Amino acid sequence: MSTLIAMSAGPAIAPLTRLIPGQQIPFGGDRVATVGPELAERFRPGDRLVVVQTTGALLHVPADVHAVVESAVDDATSAFAELASCSDDAISSFFDAFASALEDDARFGPVAAANAKDVGRAIERGRSTTRLVLDDAMRAAMVSGLRAWRDSPSRRDGTVARIEHGAWSVEARRAPLGVVGFVFEGRPNVFADACGVVRTGNAVVFRIGSDALGTARAIVDHLLTPALVSSGLPLGVVRLVDDPTHAAGHGLFADRRLALAVARGSGPAVAELGAVAAQSGTPVSLHGTGGAWMVASGAASAATLRAAVRNSLDRKVCNTLNVVAIVRQSASELVPAALEGLDQAAAARGTEPRLHVVSGSEREVPPGRFERTVEVARAGGVALEPAASILDVEGLAIEWEWETSPEVTLVVVESIDEAVELCNRFGPRFVASLISDDAAEQERFYATIDAPFVGDGFTRWVDGQYALNTPELGLSNWQHGRTLGRGAILSGDSVFTVRHRAVVSDHDVRR
Numbered sequence: 001m002s003t004l005i006a007m008s009a010g011p012a013i014a015p016l017t018r019l020i021p022g023q024q025i026p027f028g029g030d031r032v033a034t035v036g037p038e039l040a041e042r043f044r045p046g047d048r049l050v051v052v053q054t055t056g057a058l059l060h061v062p063a064d065v066h067a068v069v070e071s072a073v074d075d076a077t078s079a080f081a082e083l084a085s086c087s088d089d090a091i092s093s094f095f096d097a098f099a100s101a102l103e104d105d106a107r108f109g110p111v112a113a114a115n116a117k118d119v120g121r122a123i124e125r126g127r128s129t130t131r132l133v134l135d136d137a138m139r140a141a142m143v144s145g146l147r148a149w150r151d152s153p154s155r156r157d158g159t160v161a162r163i164e165h166g167a168w169s170v171e172a173r174r175a176p177l178g179v180v181g182f183v184f185e186g187r188p189n190v191f192a193d194a195c196g197v198v199r200t201g202n203a204v205v206f207r208i209g210s211d212a213l214g215t216a217r218a219i220v221d222h223l224l225t226p227a228l229v230s231s232g233l234p235l236g237v238v239r240l241v242d243d244p245t246h247a248a249g250h251g252l253f254a255d256r257r258l259a260l261a262v263a264r265g266s267g268p269a270v271a272e273l274g275a276v277a278a279q280s281g282t283p284v285s286l287h288g289t290g291g292a293w294m295v296a297s298g299a300a301s302a303a304t305l306r307a308a309v310r311n312s313l314d315r316k317v318c319n320t321l322n323v324v325a326i327v328r329q330s331a332s333e334l335v336p337a338a339l340e341g342l343d344q345a346a347a348a349r350g351t352e353p354r355l356h357v358v359s360g361s362e363r364e365v366p367p368g369r370f371e372r373t374v375e376v377a378r379a380g381g382v383a384l385e386p387a388a389s390i391l392d393v394e395g396l397a398i399e400w401e402w403e404t405s406p407e408v409t410l411v412v413v414e415s416i417d418e419a420v421e422l423c424n425r426f427g428p429r430f431v432a433s434l435i436s437d438d439a440a441e442q443e444r445f446y447a448t449i450d451a452p453f454v455g456d457g458f459t460r461w462v463d464g465q466y467a468l469n470t471p472e473l474g475l476s477n478w479q480h481g482r483t484l485g486r487g488a489i490l491s492g493d494s495v496f497t498v499r500h501r502a503v504v505s506d507h508d509v510r511r
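So the sequence shown is numbered by my numbering: it starts at 1 and just counts up by one.
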């Protein structure tokens, strides 16, 4: 009997209190990661170690950071339950109050001051401020987004379908999902977008990049919290993880209480966060790698291509044009048009463009572009680089992260089918556009390109608020597979589950 008891008791489990240099940590079922001396030195009793099962990365979450995250998720979990008793009008009132406070110059003053400090610190650290500045345009877009949620129907208990069985029926009804964990880069406007999940009865906990944390704190103190109080919503329904470290994001996504984990930012960081959430059993929506492709066929108008290129390069975001593929039979006419569009986009920004040309396509580009140099703003400062340079075909996988100088890759292909094959192989499978006046070509392109967003002109239309009049939480690519049960634009009204409710009219019915 004692032997049986010992066997059924399972392995002894004790808390992790220390790490030893050289200690091996199993991961992935058949591999091990080794603890380095720096990690071993920093680790203290009460800290957490997250082992990324796809890469073996050892992520350290200090006890104090874990406490901050746990408190935020605690509050959001309680608030989610309370929100079920709040009226749709109260939720609408929250969005209206938040928008009005954001629009009020006096109440916005402390936020503007905090943002100016964030921008100053980012400049001192050599960080990009392209998306950090909360200017009038960003502020107006935030107000517009919040009011769009105010005016949006609730949908948190809407009927999806009804199945009649004569003596009884079943309704499929939308229902809130729960607590949404949200990690995103230093973009203050995403703060307002994340609140959209409240419209459908969800709570949200988010961690913002350290560059914008001061701005986020000011928004919480001066705009968000007063709006929650005035509307009567529970304060925990929108919670900021007030910690600047990456460990806070890791700790948040490791919390199994999340109903959905949403991450936006740079590709590798987003992928790692997604892996942490997925191995914790949390559904993931990732919004990292971007870069749009544009293909021009022999049936393309040079004027259309010129305008489409120009209007896809007004700023660098995920839906910005990254690769232009032109069919060889019309290259002599269309390559100059594409380059003119590139030059016009740069001129509009007061800069010069940067061009990369896939080996074998360079004969279609004027030699002078390869001979002159341009000033290009990089993260490390301004660099003097060739206006055009040659790269291997594998370079089509690179997403150019430019600041002020529009930057694209050009490849000349033999056919639209070759362009589609290259896009499906090297691209993020995200945004694709075909410039062609041939309707049959457009239909074949749509059928064969592996991308959730397909168009016939400029690429920058891919945006929830711009295209669907719905503020977005993020845009998903298909790089790691297609999304289940929803479009690749994730918005607040995408975050729901379905409940089923039976209504029996004849209680003598039985199976």
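Heads up, a few of these hints could be off.
[What the hints assert, rightly or not] Across the chosen pairs, the derived CB separations fall in these ranges:
#, residue 1, residue 2, range
1, E124, T159, 34 to 44 Å
2, H500, E333, 28 to 38 Å
3, D314, L484, 16 to 26 Å
4, R328, N424, 35 to 45 Å
5, P37, H500, 27 to 37 Å
6, E401, A447, 24 to 34 Å
7, G350, T159, 22 to 32 Å
8, L484, R256, 43 to 53 Å
9, A440, H507, 54 to 64 Å
10, S71, P386, 27 to 37 Å
Derived by calculation from the structure, the hints in this document are not laboratory data. Bear in mind that the values here come from a model prediction, so they are computed numbers and not experimental data. Yeah, the Cβ is synthetic: ideal placement off N, Cα and C, and Gly gets one too.
Structure-based check of all given hints:
In this structure the hint that E124 and T159 lie 34 to 44 Å apart at CB is violated, the actual value being about 55 Å. Roughly 59 Å separates the CB atoms of H500 and E333, a value that falls outside the hinted 28 to 38 Å. Between D314 and L484 the beta carbon distance is about 33 Å. The supplied range of 16 to 26 Å is therefore violated. Take R328 and N424: their Cβ atoms lie about 20 Å apart, and the range 35 to 45 Å is violated.
Remark: the range hint 27 to 37 Å for P37 to H500 is contradicted by a beta-carbon distance near 55 Å. The hint said 24 to 34 Å for the Cβ distance between E401 and A447, and at roughly 32 Å that hint holds. Taking 22 to 32 Å as the suggested C-beta distance range, the pair G350 and T159 does not conform, at roughly 54 Å. Separated by about 20 Å at the C-beta atoms, L484 and R256 break the suggested range of 43 to 53 Å.
At about 59 Å, the CB distance of A440 to H507 agrees with the hint of 54 to 64 Å. A beta carbon spacing of about 52 Å between S71 and P386 contradicts the range 27 to 37 Å that was offered as a hint.
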